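Generate the whole structure from the sequences, applying the supplied hints.
Okay, here's what each chain looks like letter by letter:
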Amino acid sequence: MSILASGTTDAAPLALSEAPPQSAPRLWRRLLLHNSAVAGMILLGFLVLASLIGPLIFRSDPTAQDLSLAFLPRSAAHPLGTDDLGRDELVRLFFGARYTLSLALAAVALGLVVGVPLGAISGYFGGWVDLLVQRVVDVMLAFPSILLAISLVAALGVGLRNVIVSVAIVAMPGFIRLVRASALSIREAPYVEAARALGVPSWRILLRHVVPNSLGPLIVQASLQLGGAILVAAGLGFLGLGVQQPTPEWGAMLGFSHTYIFSDPGLLTYPGLCICGAVLAFNLLGDGLRDALDPRMK
Amino acid sequence: MRSRPLGLLMLAGLLIAACGGGTSTSNQQSGPKHGGTLTVAVGIDPDTLDPAAQTTTTVQQMVLMITEPLLAYDEKNTLKPVLAEKWDAAADGLSYTFTLRQGVKFSDGEPFNAAAVKFSLDRMLNPATFKTQPGVLRVIKSTDVVDDSHVKISLKTPFPPFLGAMTQAVAAIIAPNSVSQAPNTPALIQKPVGTGPYVFKERVNGDHVTFDKNPSYWGSKPNYDAQVYKVVPDAATREALVKAGQADVSYLPPANDLPALQQSQDLKVILGPSDRTIFMSINTPGKFQPLLQKPAVREALNYAVNKDAIVKNALFGAATPLDAPMSKALFGYCSVGKYDYNPEKAKQMLKDAGAEGMKIKVISPQGRYIGDYQVAQAVAGDLRKVGLQVELANPSDWPTYLSRMVNVPPDQATADLHLLGWAPSFLDAAQQFQIMTPDNFPPKGLNTSYYSNQSVTDLVTKANGETDSNQRKQDYCSAGKQVWKDAPWIFLYNQKNPIVTTSKVTGIYGLANEQFVTSWASPA
Amino acid sequence: MLSYIARRVLIAIPTLFGVATVIFALVHLQGGDPARVIAGANATPEDVDRIRHQLGLDQPLLVQYLIFIGNLLRGDLGTSVRSGQPVFNEIASRAPYTVELAVISTILAVAIGVFLGVVAATNHDNPIDLAISSFSVFGVSMPVYWLGLLLIILFAVNLHVLPAAGANQPTGFILPSLTLAFFSIGFIARQTRSAMLEVLDLDFVRTARAKGADRPTVLVKHALRNALLPIITVIGLQFGTLLGGAILTETIYAWPGLGRLLVDSIFARDFPVVQGTVFVFAAALIFVNLFTDLLYAYVDPRIRYD
Chain A
13 MSILASGTTD AAPLALSEAP PQSAPRLWRR LLLHNSAVAG MILLGFLVLA SLIGPLIFRS
73 DPTAQDLSLA FLPRSAAHPL GTDDLGRDEL VRLFFGARYT LSLALAAVAL GLVVGVPLGA
133 ISGYFGGWVD LLVQRVVDVM LAFPSILLAI SLVAALGVGL RNVIVSVAIV AMPGFIRLVR
193 ASALSIREAP YVEAARALGV PSWRILLRHV VPNSLGPLIV QASLQLGGAI LVAAGLGFLG
253 LGVQQPTPEW GAMLGFSHTY IFSDPGLLTY PGLCICGAVL AFNLLGDGLR DALDPRMK
Chain B
32 MRSRPLGLLM LAGLLIAACG GGTSTSNQQS GPKHGGTLTV AVGIDPDTLD PAAQTTTTVQ
92 QMVLMITEPL LAYDEKNTLK PVLAEKWDAA ADGLSYTFTL RQGVKFSDGE PFNAAAVKFS
152 LDRMLNPATF KTQPGVLRVI KSTDVVDDSH VKISLKTPFP PFLGAMTQAV AAIIAPNSVS
212 QAPNTPALIQ KPVGTGPYVF KERVNGDHVT FDKNPSYWGS KPNYDAQVYK VVPDAATREA
272 LVKAGQADVS YLPPANDLPA LQQSQDLKVI LGPSDRTIFM SINTPGKFQP LLQKPAVREA
332 LNYAVNKDAI VKNALFGAAT PLDAPMSKAL FGYCSVGKYD YNPEKAKQML KDAGAEGMKI
392 KVISPQGRYI GDYQVAQAVA GDLRKVGLQV ELANPSDWPT YLSRMVNVPP DQATADLHLL
452 GWAPSFLDAA QQFQIMTPDN FPPKGLNTSY YSNQSVTDLV TKANGETDSN QRKQDYCSAG
512 KQVWKDAPWI FLYNQKNPIV TTSKVTGIYG LANEQFVTSW ASPA
Chain C
5 MLSYIARRVL IAIPTLFGVA TVIFALVHLQ GGDPARVIAG ANATPEDVDR IRHQLGLDQP
65 LLVQYLIFIG NLLRGDLGTS VRSGQPVFNE IASRAPYTVE LAVISTILAV AIGVFLGVVA
125 ATNHDNPIDL AISSFSVFGV SMPVYWLGLL LIILFAVNLH VLPAAGANQP TGFILPSLTL
185 AFFSIGFIAR QTRSAMLEVL DLDFVRTARA KGADRPTVLV KHALRNALLP IITVIGLQFG
245 TLLGGAILTE TIYAWPGLGR LLVDSIFARD FPVVQGTVFV FAAALIFVNL FTDLLYAYVD
305 PRIRYD
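Residue numbers (the numbering used here), protein chains in the order written: chain A, 13 to 310; chain B, 32 to 555; chain C, 5 to 310.
Accuracy of the hints is not assured; some may be wrong.
As the list claims (entries may be wrong) - Chain C is faced by these chain A residues, among others (derived, beta-carbon under 8 Å):
1. Thr-75
2. Pro-156
3. Ile-162
4. Asn-295
5. Leu-296
If you're looking for bench data, these hints aren't it; they were derived computationally from the structure. Since we're looking at a predicted model, the values are computed, not measured. Cβ atoms here follow ideal geometry from the backbone N, Cα and C, with glycine treated the same way.
If you want it as structure tokens, here you go:
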């Protein structure tokens with residue numbers, strides 16, 4: 013389910029891959045009827061709004077620092093106080109929403125961009141390509157995901173870009189597996205065979221039939237992975253291997269301030285709650301999407 | 032160095048001190064309480080307890096509870112006898128004769144004698160010993176047994192800081208037979224056996240090391256029956272332990288917790304001394320910013336930085352601003368002045384040198400020294416206030432910082448200024464000037480500002496071989512003055528080492544080599 | 005079935021080889037000269053060179069790789085450059101602590117998770133369900149080390165009832181295993197709930213209920229048993245999470261397991277230990293996945309493998 017649960021096994025049922033594509037309006041209607049999906053969407057909407065509008069209201073620089081203003085308590089000038097380098101905590105949280113959400117989006121997008129074609133090709137063509145891709149996926153899945161992320165970041169170096177790349181690589185096998193299963197299931201379908209017989213090029217079949225067929229479960233998986241990406245980034249942040257100062261990414265904020273838990277616990281509580289909220293939103297949304305896409309649910 | 036008849040005097044002093052803090056049977060009532068277990072939370076999991084392979088202060092401290100060197104520094108940074116009662120240096124400075132303490136036994140019953148000293152030093156110098164770290168003690172040519180209680184150490188060249196170097200944990204004396212008792216091997220010791228106040232009891236890798244009181248210790252008897260050094264890497268957890276009363280002592284609390292901890296009734300903060308100088312090393316060849324070749328510009332940088340504010344705001348008082356290019360604790364220190372905070376003067380000097388609005392890049396590690404990145408940010412802020420265009424790079428972890436950014440040949444330098452700390456492994460200016468002479472340009476050494484001034488190099492070279500200790504002191508002092516004028520660094524501060532203890536413990540003190548001595552702690 | 009097992013085991017071999025190669029590449033891409041780091045800041049250049057030679061780091065990378073693979077095939081994981089101990093011994097001395105945490109956490113997670121899931125499912129769409137579902141979705145959304153610190157402050161600093169850190173007290177395992185289990189509790193509860201909901205709706209359960217079987221019997225004998233399949237899968241999946249979570253949890257609680265060994269070794273650039281520990285983690289995960297699949301096949305004889 014989430015990125016943290018690596019190791020989808022061969023025998024694990026990919027029940028979702030059989031879900032027929034649904035029309036968008038119908039899906040939307042079903043989502044709106046789903047309590048947790050609505051909660052997730054509201055929460056997410058709020059966070060996105062905060063990341064867009066917050067920085068416009070508070071125009072100060074989230075990295076502007078003044079050591080003489082460090083660890084200030086809450087006040088009108090600094091509604092959530094200031095951090096260890098005298099930066100306004102609220103402003104950093106607002107900017108943090110941007111960095112954190114973009115980090116998750118970028119990582120999952122990268123995972124999709126590489127994983128989906130690989131999975132589609134692997135499942136559709138089979139043969140040695142499939143064998144090769146699957147063995148690579150096996151190797152990737154043999155690492156607990158945070159461990160793989162740690163090793164990758166340790167090797168590539170810390171920082172926003174490398175965290176995104178690492179999290180994307182960690183998310184990739186899930187996407188590959190999913191699309192591959194879907195490709196396998198329709199490879200022999202009459203309409204695909206018909207298309208093949210008509211001489212439609214493989215890439216078009218992949219694009220027109222294979223990928224759309226897996227869209228539903230992919231959306232669910234991607235939504236859950238977005239939450240997972242934020243948690244992995246936070247875990248890296250704790251070890252000092254995540255996004256680095258002064259970038260106000262929530263995971264990094266939580267990680268770098270964790271020694272202040274006694275003197276200034278707010279510096280942990282605020283980013284901690286933000287992370288919780290964002291991951292919660294993606295999880296709720298993912299749940300809602302899954303149920304809405306599940307033909308058995310009424 | 033002259034002969035040291037002081038040895039006996041010092042011994043007397045030690046005995047008095049021992050009685051003052053001690054357990055002499057005659058005044059049992061007024062003596063310290065004893066019994067029980069002292070639990071100490073440290074952040075570092077010992078790599079190895081083999082005395083010969085010691086590199087880390089905290090681990091050295093553990094090793095020195097079990098094994099002892101011939102002599103040691105006391106709280107006043109002067110040498111005191113431990114396993115040697117006295118020592119004499121030959122007039123040519125090429126050999127030292129140590130008179131050993133009599134009647135001392137290793138905790139396994141072996142007698143401590145000249146053969147044991149020879150065995151230990153030979154083993155430390157033997158490259159077959161795992162990760163052995165002789166460092167400057169490579170100067171030893173041979174160790175010879177004169178008789179059971181006298182040992183003569185001959186040097187390859189005169190090396191006046193020799194006695195200081197002999198205080199290091201690598202020179203601790205181990206029981207010769209113990210190295211072949213499993214799990215020890217001659218190449219690697221896991222359970223050191225020495226003459227110290229405590230004996231090794233057990234170690235659970237990554238969790239704790241337990242020491243038991245050595246009932247037959249030759250000196251003043253330790254008070255706690257046992258001491259447990261618990262390995263707790265996370266600073267917040269470590270502090271939680273002492274707050275929860277589950278540890279008696281906790282190392283290096285986050286600096287910003289110091290004010291609150293100092294006010295707490297149940298806890299005490301001890302600011303241990305340290306010989307570590309923290310500075311912004313300046314790229315003196317001016318690889319990126321040629322203006323930095325000018326001493327006047329570098330001096331201006333020194334005037335521009337508010338050291339007092341940094342000590343107050345970033346270190347919460349756990350430091351003193353430098354007044355020489357070395358810590359007060361070193362032999363060879365003399366106060367050479369101060370660069371008072373004077374942004375106006377700095378601006379003027381920069382203007383005169385044509386360095387107004389100069390661009391500079393600053394780098395810093397994070398998590399290596401107390402408040403390191405905060406300090407770098409404060410320095411960058413101060414430099415911006417005098418009109419410089421300062422780019423402070425993102426912090427990096429220590430291994431990357433050290434080997435990719437700092438300890439690199441001049442042509443691979445990555446920044447104009449970088450934050451660095453230097454802690455001599457023993458209290459002698461010879462150790463400090465290591466990083467100010469051209470023969471220690473990286474990657475050979477850590478002269479990371481690539482500073483080179485012939486008069487400093489000459490003075491230091493002369494002093495390093497000078498057997499007259501007053502002359503030597505003077506030479507270092509003069510060299511220090513020159514360095515201060517040349518300003519290869521922004522001189523920042525001399526760090527202190529905080530630890531927190533519960534109010535139930537007393538008798539723990541710090542040494543300038545950053546070690547804390549818990550061996551003589553007692554319940555309050 | 006046998007051929008299925010054989011096939012799975014055979015696949016594991018190239019996977020392990022791939023894992024070893026990836027580990028080697030990642031470790032040697034790491035920045036920071038290990039010899040320099042190990043020697044300490046005050047070491048002389050000779051010290052550094054000697055250590056570099058001892059570590060074989062002065063050899064070409066390909067030679068180092070071949071030596072690594074060759075030793076691995078002989079079951080030799082090398083020697084720690086920090087401690088001088090064989091890596092195998094280092095891992096062997098730490099592994100029991102991680103296994104202890106993983107096993108206790110799994111038991112906790114399964115017991116609490118399945119229980120909560122069943123309760124939620126049988127109280128479908130009432131406040132109890134809502135409370136449990138909220139708790140479980142919250143559980144999978146919390147950064148594990150933040151939770152860890154909060155638990156330390158609550159139970160050790162404020163309430164003085166549990167040790168904050170370390171493995172040398174009998175109750176030391178409670179907070180770390182609880183922290184580690186937290187994520188999995190939420191996850192398993194959610195999966196159990198949905199699996200149960202599906203099964204409870206099926207005809208045979210309804211029939212059993214109609215025939216007057218009492219509630220616990222219906223739940224355990226009919227519903228839970230048939231919901232077991234997805235639950236087992238989930239538990240298997242959780243193992244990777246637990247191993248990963250152990251890295252953070254062990255650091256917070258100063259628990260002397262493999263996760264901490266790994267983190268310490270990464271920061272100390274102790275390449276042989278990093279390689280060995282990661283390899284053991286990966287091998288454990290491969291083994292557990294294999295085991296889960298086989299168990300899966302055993303529990304549901306309807307599944308055929310060819």
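Right, here's what the structure says about each hint:
1. Thr-75: Violated, about 23 Å.
2. Pro-156: Holds - the Cβ of Pro-156/A comes within 8 Å of chain C, reaching about 3 Å at its closest.
3. Ile-162: Hint holds; Ile-162/A Cβ to chain C Cβ min 7 Å, cut 8 Å.
4. Asn-295: Holds, because the Cβ-Cβ distance from Asn-295/A to chain C comes to roughly 5 Å (cut-off 8 Å).
5. Leu-296: It holds, given that the least Cβ distance between Leu-296/A and chain C is near 6 Å, below 8 Å.
When the structure is compared with the earlier hints, a violation turns up for hint 1 alone.
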